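All residue numbers for the sequence shown refer to the numbering used here, where the first residue is 2 and numbers rise by one.
One or more hints might be untrue.
[As the list claims (entries may be wrong)] With a straight-line Cα cutoff of 30 Å, these simulated DSS-like cross-link-like pairs (lysine-lysine) come out:
no.: 1; residue 1: K149; residue 2: K253
no.: 2; residue 1: K88; residue 2: K289
no.: 3; residue 1: K149; residue 2: K15
no.: 4; residue 1: K88; residue 2: K129
no.: 5; residue 1: K15; residue 2: K85
no.: 6; residue 1: K220; residue 2: K289
no.: 7; residue 1: K15; residue 2: K79
no.: 8; residue 1: K79; residue 2: K279
no.: 9; residue 1: K98; residue 2: K176
no.: 10; residue 1: K176; residue 2: K149
no.: 11; residue 1: K220; residue 2: K187
no.: 12; residue 1: K15; residue 2: K96
no.: 13; residue 1: K79; residue 2: K129
no.: 14; residue 1: K85; residue 2: K220
no.: 15; residue 1: K234; residue 2: K79
no.: 16; residue 1: K253; residue 2: K234
no.: 17; residue 1: K279; residue 2: K253
no.: 18; residue 1: K289; residue 2: K149
no.: 19; residue 1: K220; residue 2: K279
no.: 20; residue 1: K289; residue 2: K79
no.: 21; residue 1: K220; residue 2: K253
For the record, the hints were derived by calculation from the structure and aren't laboratory data. Quantities reported herein were computed from a predicted structural model and do not represent experimental measurements.
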Amino acid sequence: MIYPWQTAQWQQFKQQLNQQRLPHAILMSGVEGLGQFALAEHMVAAVLCENFTEHHCGQCHSCQLLAAGTHPEHSVIKPEEVGKQIKIEQIRELKQKQTLTSTLSTWKTVIIEPADSMNISAYNSLLKLLEEPQDNTLLILISSHANKLPITILSRCQNYVLQAPLEEQALAWLKEQGQYEENELKQLLALSSQAPLSVLAMFDSGGVDYLEQIDQDFKAMLTGEINPVVRAKDWQNFDLELVFNYLQILIKSSVIKQLEHDNKRIWTTYDCIINTIKLLSSSHNLNKVLLIEQFMVSVMDSKTDKTRSFNSLF
2 MIYPWQTAQW QQFKQQLNQQ RLPHAILMSG VEGLGQFALA EHMVAAVLCE
52 NFTEHHCGQC HSCQLLAAGT HPEHSVIKPE EVGKQIKIEQ IRELKQKQTL
102 TSTLSTWKTV IIEPADSMNI SAYNSLLKLL EEPQDNTLLI LISSHANKLP
152 ITILSRCQNY VLQAPLEEQA LAWLKEQGQY EENELKQLLA LSSQAPLSVL
202 AMFDSGGVDY LEQIDQDFKA MLTGEINPVV RAKDWQNFDL ELVFNYLQIL
252 IKSSVIKQLE HDNKRIWTTY DCIINTIKLL SSSHNLNKVL LIEQFMVSVM
302 DSKTDKTRSF NSLF
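Produce the complete structure using the sequences and hints provided.
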């Protein structure tokens, strides 16, 4: 599937394919929720298709095997468990498979997602594959945090950067997917860095439903009327990235309103949110409950005699 905001990347890829100038490795980057994996699958299907013209035919033996997930020349590398790392053993198995003689297609294709979930040993193993690529081999690395990738990996990939669509295009597409309120969609797009698929995921996962609870809990933090130990156990079941992005939007709105008053507590609380977001994005083995408790306590400790004026902004 090609989403409307992916047209430029698809046209670039199709031109390279038709001119037989495909790179051996592509890095598909951009914020989460733009359909990177779907585009990568479309690219792979085009490469492996026996009758490719504008799109893969979907009818040839290669297309049928790919659709069934049994194509012998295609590999997908993902963490074995959600939130875990891609292991070096997975990369070693991939390297071994790449040395085998093709049995169906002239090309071999690989999708690695998320590419930023490897440890240094796995990166080093992958690097050897990138340094000595075999003919007719295409590796597509997908990452929403490309800044985490080693420069040695980045320098050996052609970067396809997916840009989030403009609000008008995103709203039009989302309205085609279901009956949603426009104001709610605008809020969720702002919360998800304008990524339409992330908005749909929020509806599907119930994330929209617990934003009101987050709003209430945040107000209780500001007045010191919350038990961090009890509430942290509830928050651990939420999408924490969504939660803290939402809090960041709330605080940014307050900063704009309070610029002329120089409310120190706003900035202190904002720092707490930013620091928590950094921790969330930097570690694979966080103690979520402890992290949430520390955040709540930090916000409550920042309480001053200006709490009432700050609280009234939400």
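Cross-check of the supplied hints:
1. K149 <-> K253: holds (26 Å)
2. K88 <-> K289: holds (23 Å)
3. K149 <-> K15: Status holds; Cα separation ~28 Å.
4. K88 <-> K129: The given pair, whose Cα atoms are some 16 Å apart, holds under the 30 Å limit.
5. K15 <-> K85: violated (34 Å)
6. K220 <-> K289: holds (21 Å)
7. K15 <-> K79: holds (26 Å)
8. K79 <-> K279: holds (23 Å)
9. K98 <-> K176: violated (44 Å)
10. K176 <-> K149: Distance of about 34 Å is beyond 30 Å: violated.
11. K220 <-> K187: Given pair K220, K187 holds - Cα atoms ~23 Å apart, limit 30 Å.
12. K15 <-> K96: Within the cut-off at roughly 27 Å; holds.
13. K79 <-> K129: The given pair, whose Cα atoms are some 19 Å apart, holds under the 30 Å limit.
14. K85 <-> K220: violated (34 Å)
15. K234 <-> K79: holds (29 Å)
16. K253 <-> K234: Roughly 26 Å between the alpha carbons, so the hint for K253 and K234 holds.
17. K279 <-> K253: holds (17 Å)
18. K289 <-> K149: holds (21 Å)
19. K220 <-> K279: holds (23 Å)
20. K289 <-> K79: Holds, because 23 Å separates the two Cα atoms, which is no more than 30 Å.
21. K220 <-> K253: Holds, at roughly 15 Å.
In summary, the numbered hints that this structure violates are 5, 9, 10 and 14.
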